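Undergrad: The whole structure should be built from the sequences, with the hints applied where relevant.
So the protein lines, in turn, are chains X and V. Taking the working numbering, the leading residue of the first sequence gets 71, the next gets one more, and so forth. Taking the working numbering, the leading residue of the second sequence gets 20, the next gets one more, and so forth.
Keep in mind the hints are simulated off the structure, nothing from the lab. All the pointers check out, no bait thrown in.
Taking CB as the label site, the calculated pair distances span:
#1 Ala109(X) x Glu76(V): 42 to 50 Å
#2 Ala144(X) x Thr21(V): 18 to 26 Å
#3 Pro181(X) x Glu76(V): 46 to 54 Å
#4 Pro144(V) x Ala101(X): 32 to 40 Å
#5 Pro171(V) x Gly86(X): 16 to 24 Å
#6 Arg24(V) x Pro181(X): 42 to 50 Å
#7 Glu129(X) x Thr21(V): 19 to 27 Å
#8 Thr59(V) x Arg134(X): 18 to 26 Å
#9 Pro171(V) x Glu129(X): 29 to 37 Å
#10 Arg148(X) x Gln168(V): 29 to 37 Å
#11 Ala133(X) x Arg104(V): 17 to 25 Å
#12 Val173(X) x Gly28(V): 25 to 33 Å
#13 Glu145(V) x Ala172(X): 56 to 64 Å
Source: prediction; values computed, not measured. Note that beta-carbon positions come from the ideal geometry of N, C-alpha and C, so glycine has one too.
Below, each chain spelled out in residue letters.
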Amino acid sequence: MDCTHCQGLMADCAWGELAPDDVRALEQHRAGCDPCEDAWRALRADLEAVAAGLVDVPEPPNARAALLDRFDAAIAARPRLPLWRRPVPAWQAAIAASLLAAVLWAVGNAPESPPLASVEASDLLYDGSELLSAPPDHL
Amino acid sequence: MTSDRQIIGRIRRGDREALGTLYDRHSPALRAYLVRRTGTAEAAEEILQDVFLALLEERGPRTDESVAGWLFTVARNRSINHLRRRQTRLRLVPRLPAPPEAGPDEDAAQRQRLDSVARALATLPEEQREALLLKQAAGLTVPEIAALQGVPAGTVKSRLHTALHTVRAAVVPTGEQPWTAHTAKA
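TA: In structure tokens, the structure reads:
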């Protein structure tokens, strides 16, 4: 990168509009080039002066306080949302997600029950044969 | 520093200090933008408040959109609505801005420099000045400025570079007397 190229890219670099590779190349060149380093400092100073010159409207007195008062009124007038529609803080959402994940993991890793195929159907169904073969004592 | 997005989350939960923080960050550039779009400080202030309160009512910035970009988009739309309501032609005010006040410890050369920058900015075409405001004071990206101005990104880049070149050409270098600069130019 030569000085002309470097100085041509400086404004885009200061505005954050330069690709990372170009930023690195520009910084490498500046590090070894006093005139370009001086040009960079001058550009930064000019840009600061430009920003100050652009934001030239004074804030009216109490403007901030008036906004915060309107904000408080808007919050007070806001209808209470049902529980399930209220915004949830990130940390609460993270805890809920962790608990859900733990439950799902526990369910997935629970000890297996014996397979159904190993249980004979006769074990499950009572056919009443004992009643038929052994009469009651009182008879 | 807390990000704008984290601040918006707190604002929506009713945190007034968070709103104050966002206001301190973005209101100077928004105010300057709105004064120039509406032509009056009163209308600009009213819209400025509405823009911040819109965070409670509207969806807010998309994930691919900066908070500043969203604030300026809302400000632009509301200023258009305001002008329509008042049946006023969009007025972009070509006024000479007051030079920024220098601190007591700033030397005369620095004051002179700021003054010459302010005067140079006042000579810029409005679309160039607005692009420079949105980039340099508000920190918007070129695509965001392009969307606000309704022009291609290349046009925005061109406006920015032309504006900066004009301002820098007019700025009196630090330590140089203004008449010296004029003589040099002549």
